[in-house]
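Undergrad: Take a look at the letters that make up each chain.
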Amino acid sequence: MPISKITLRGFTMIETLIVAALGVSMLIILTILIFNFNKTSTYQQALIASSGSASTLMRSIGSLVLPASAVLQAHTFSSATYTSTSTALVLEIPSIDNSGNVIANTYDYAVFYASSTKAYRLLEANVLSSRVSETKLLSSTINTLIFTYNNTDFTQVHTITVDVRTQTYAKEDVLSDHRREQFRLRNF
Amino acid sequence: MKNSRGFSLIEVIVVIFIMAVMLMMLQAAIHSGVLVRISKSQSIALSIARNKLESLRGGGYASLPSSGTFADSLVSALPAAATTTLTVSTYNAKTKQVSVSIIWRDSGSTASSTVSLSTYITETGGLP
Chain A
2 MPISKITLRG FTMIETLIVA ALGVSMLIIL TILIFNFNKT STYQQALIAS
52 SGSASTLMRS IGSLVLPASA VLQAHTFSSA TYTSTSTALV LEIPSIDNSG
102 NVIANTYDYA VFYASSTKAY RLLEANVLSS RVSETKLLSS TINTLIFTYN
152 NTDFTQVHTI TVDVRTQTYA KEDVLSDHRR EQFRLRNF
Chain B
3 MKNSRGFSLI EVIVVIFIMA VMLMMLQAAI HSGVLVRISK SQSIALSIAR
53 NKLESLRGGG YASLPSSGTF ADSLVSALPA AATTTLTVST YNAKTKQVSV
103 SIIWRDSGST ASSTVSLSTY ITETGGLP
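Line by line, the protein sequences give chains A and B.
Using this note's numbering, the letters of the first sequence map in sequence onto residues 2 to 189.
Using this note's numbering, the letters of the second sequence map in sequence onto residues 3 to 130.
For reference, chain A alone in the conformation it holds in the complex (with noise of 0.2 Å):
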């Protein structure tokens, strides 16, 4: 019986060996592999974290430090008192109605200060204005935030350096983002 004789036999020490030794290197491989994208990918993530929180908030504090009349020395909002320093800047407004137009003598209020890794806005608008009031949470991820004013005299106050640094982690990789911008008030 020829046939039964090749169809019963085993595998050869030999090659039950390769078959041993590809799947673990496969295997090997495989989990470097998942092992590599993983990492890659949480890497990539901080990076965007860190990266677009910086832009994000600058662009934040663009938008409102642009428009404003000045820089007040401190503000009362009905949750607290906020003072401009180095760390916290406050800002007077006027406010916009529906389609874009100034109103006059109303102002809307914002302070931007970070508290340990967060950087937050707090806009408190007047009832005409089209500005809602709330506050927002721009950034998780600052190292520091530090305003810069061109004079120490507030309401000489028209140019306003903002210097951003991000920081996040990925893994044991330390991911840090820098950006410094100079805005002028331009309703000075």
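Since no wrong hints were added, every one of them can be taken at face value.
A short list of chain A residues far from chain B (calculated; beta carbon distances all over 10 Å):
(1) Arg-10
(2) Gly-11
(3) Phe-12
(4) Val-20
(5) Leu-28
(6) Thr-77
(7) Phe-78
(8) Ser-80
(9) Ala-81
(10) Ala-105
(11) Ser-116
(12) Ala-126
(13) Thr-145
(14) Phe-155
(15) Lys-172
The following label-pair restraints were derived from C-beta to C-beta distances:
(16) B/Ile-18 with A/Thr-13: 27 to 33 Å
(17) A/Thr-43 with B/Gln-99: 42 to 48 Å
(18) B/Ser-78 with A/Ile-33: 32 to 38 Å
Calculated from the structure, these hints are not laboratory results.
For each residue, glycine too, the CB sits at the ideal point set by N, CA and C.
Given the structure of chain A, go ahead and fit chain B onto it with the hints provided.
TA: For chain B alone, coordinates are given in the frame of chain A:
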């Protein structure tokens, strides 16, 4: 006879397909890394350009510098050999056109990237 048969077409196709998928995934991962780096550099470059234009607008018409390169503390955050260019040209008797461009090349990218912004600055009016 049975031992000397080769691979069937189906087997070869399946193997090629699996290998192609794995290679594509690898390539996509590498490529997305380059895209993320470029987008980060782009955002830094935009910051530099906006900052430069803002300070030129603030300085006013009379103190516009001549064309050339300019310095910014963020340039070091871009890949090495990033260049900044400022072009000031006369648009008409009382207006100058100011263009700022930043050119850099990220590692892994085949071409240079550019961010450029342009504005007009007039003799009268301007920022406080």
